[in-house]
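K.L.:
The residues making up each chain are set out below.
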Amino acid sequence: MPFVLELENFQGPFDLLLNLLDKQKLEITEISLSKITDDYLDYISQMNLTIEEMNSFLYIAAKLSLDKSRAVINIPDTEDEIDLTESLKQYQLIKKQAQILAKFSKGRMYSRQKNLYKNTKTAEILPLELTSIYSSILKNLELSQKTHTLKNNKDYLDKAKVKFNIHVSRLREYSIDEIMSVPKNRTEAIVFFMSILELIKKQHISGQANILIGTSK
Amino acid sequence: MNLTAKIITILFYSSEPINITSLAKNLGIKSGELLDEIKTANRKLSDLGLIIITDGSTAQMAAMPEYTSLIDEFYDSTPQALSQPALETLSVVAYQQPISKDEIDEIRGVSSEQSIKNLLNKHLIKKGVVGGLEKYKTTTDFLKLMGIEDINQLEGYENAHK
Chain B
0 MPFVLELENF QGPFDLLLNL LDKQKLEITE ISLSKITDDY LDYISQMNLT
50 IEEMNSFLYI AAKLSLDKSR AVINIPDTED EIDLTESLKQ YQLIKKQAQI
100 LAKFSKGRMY SRQKNLYKNT KTAEILPLEL TSIYSSILKN LELSQKTHTL
150 KNNKDYLDKA KVKFNIHVSR LREYSIDEIM SVPKNRTEAI VFFMSILELI
200 KKQHISGQAN ILIGTSK
Chain F
0 MNLTAKIITI LFYSSEPINI TSLAKNLGIK SGELLDEIKT ANRKLSDLGL
50 IIITDGSTAQ MAAMPEYTSL IDEFYDSTPQ ALSQPALETL SVVAYQQPIS
100 KDEIDEIRGV SSEQSIKNLL NKHLIKKGVV GGLEKYKTTT DFLKLMGIED
150 INQLEGYENA HK
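Read top to bottom, the protein sequences are chains B and F.
Take 0 as the starting number for the first sequence in numbering that gives the first Met the number 0 and just add one per residue.
Take 0 as the starting number for the second sequence in numbering that gives the first Met the number 0 and just add one per residue.
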């Protein structure tokens, strides 16, 4: 799991402020922040932000404007005001520490993997795709092409359902092949398969393919 | 059977991190003794390219970083992307753990909700209760990602915790 750094737009107001200070080669001080306040306000007025993001940027804009106003008029500090220079210094440290993590991650380690298949990829699977996999299993079982009707034998179907529940409850993760190797006949196989679809529908289990959809042989 | 061999055997069998307290109890020793035994085991395992890593509450066997490229090549593994917000959030947790969501948000100046979810899904951080508050810590998967045996080996960690 190595890092691949994605260079995105500014992650928040602190990121933008640090960038503006850096552009003008300014240290993190109250005077420097006062110098870049207008740039900050200009920048955020052009940004495409969600309401939640806008909230963070506007909070800092208000704080910057307040601090700038203090240079000309006497406005007392309030208890819940943040110390912007301290917050920026802390954020700057976090950015440096993030770079350390990125550097360390090049020496990553691996541990044993569950259900590891060589040259396989994983992908989310949809019920329709699961149906396709099931069709290929039936084909492998060399079932005849003629249509069959499930006998309406409630006791028998209930027993098959119980058998399915007992089997899957023992496992935390299992492959479709593993489950479908248990039914002794076609009726049980259908009950098992329908039960899987039902559990996926109710979100009691989730499905994952060990092949890329559309590339299966 | 000697104790080191027992520890190695149990950890070798599992693909998941094993709880230190449970393992120590099972082996009839204290957690501190188990952590010492893990150091002994690591000296023996290093010749085999293996290592036991621990985040203090769990332990897991892994391949040493020198063999990562071999595994990448053989299993054709693809690096997973970690976005800048997630990386920043992970840094905050790594250097200031245990830490609450509010504290992370305050340090980053933005909401970290999505990044935290992302890191939890990747098993790089875990949630626990410290002093009645929900707080986040790094995991053994994080140690594997960093290629270190324990968190103290992370550059700058001790300074951050002084």
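Keep in mind that the hints were calculated from the coordinates and are not lab data.
Check each hint, because a few of them may be wrong.
As the list claims (entries may be wrong) - With a straight-line Cα cutoff of 25 Å, these simulated PhoX-like cross-link-like pairs (lysine-lysine) come out:
1. Lys100/F to Lys121/F
2. Lys121/F to Lys94/B
3. Lys100/F to Lys43/F
4. Lys95/B to Lys38/F
5. Lys102/B to Lys29/F
6. Lys158/B to Lys95/B
7. Lys29/F to Lys94/B
8. Lys121/F to Lys105/B
9. Lys29/F to Lys43/F
10. Lys95/B to Lys100/F
11. Lys88/B to Lys161/F
12. Lys102/B to Lys24/F
13. Lys95/B to Lys67/B
14. Lys24/F to Lys136/F
15. Lys105/B to Lys116/F
16. Lys126/F to Lys116/F
17. Lys134/F to Lys88/B
18. Lys136/F to Lys95/B
19. Lys95/B to Lys24/F
20. Lys201/B to Lys116/F
21. Lys136/F to Lys88/B
22. Lys162/B to Lys105/B
23. Lys29/F to Lys5/F
24. Lys161/F to Lys116/F
25. Lys43/F to Lys200/B
26. Lys201/B to Lys158/B
27. Lys100/F to Lys88/B
28. Lys95/B to Lys29/F
29. Lys29/F to Lys136/F
30. Lys62/B to Lys136/F
31. Lys105/B to Lys29/F
32. Lys5/F to Lys94/B
33. Lys105/B to Lys38/F
34. Lys102/B to Lys5/F
35. Lys100/F to Lys134/F
K.L.:
A separate judgement is required for each hint: does it hold in the structure or not?
P.N.:
Structure-based check of all given hints:
no.	hint	verdict
1	Lys100/F to Lys121/F	holds (17 Å)
2	Lys121/F to Lys94/B	holds (21 Å)
3	Lys100/F to Lys43/F	violated (40 Å)
4	Lys95/B to Lys38/F	violated (31 Å)
5	Lys102/B to Lys29/F	violated (36 Å)
6	Lys158/B to Lys95/B	violated (61 Å)
7	Lys29/F to Lys94/B	violated (39 Å)
8	Lys121/F to Lys105/B	holds (17 Å)
9	Lys29/F to Lys43/F	holds (21 Å)
10	Lys95/B to Lys100/F	holds (21 Å)
11	Lys88/B to Lys161/F	holds (18 Å)
12	Lys102/B to Lys24/F	violated (37 Å)
13	Lys95/B to Lys67/B	violated (28 Å)
14	Lys24/F to Lys136/F	holds (24 Å)
15	Lys105/B to Lys116/F	holds (23 Å)
16	Lys126/F to Lys116/F	holds (11 Å)
17	Lys134/F to Lys88/B	holds (23 Å)
18	Lys136/F to Lys95/B	holds (19 Å)
19	Lys95/B to Lys24/F	violated (41 Å)
20	Lys201/B to Lys116/F	holds (23 Å)
21	Lys136/F to Lys88/B	holds (23 Å)
22	Lys162/B to Lys105/B	violated (47 Å)
23	Lys29/F to Lys5/F	holds (15 Å)
24	Lys161/F to Lys116/F	violated (29 Å)
25	Lys43/F to Lys200/B	violated (49 Å)
26	Lys201/B to Lys158/B	holds (21 Å)
27	Lys100/F to Lys88/B	holds (20 Å)
28	Lys95/B to Lys29/F	violated (38 Å)
29	Lys29/F to Lys136/F	holds (23 Å)
30	Lys62/B to Lys136/F	violated (31 Å)
31	Lys105/B to Lys29/F	violated (35 Å)
32	Lys5/F to Lys94/B	violated (42 Å)
33	Lys105/B to Lys38/F	holds (24 Å)
34	Lys102/B to Lys5/F	violated (35 Å)
35	Lys100/F to Lys134/F	holds (7 Å)
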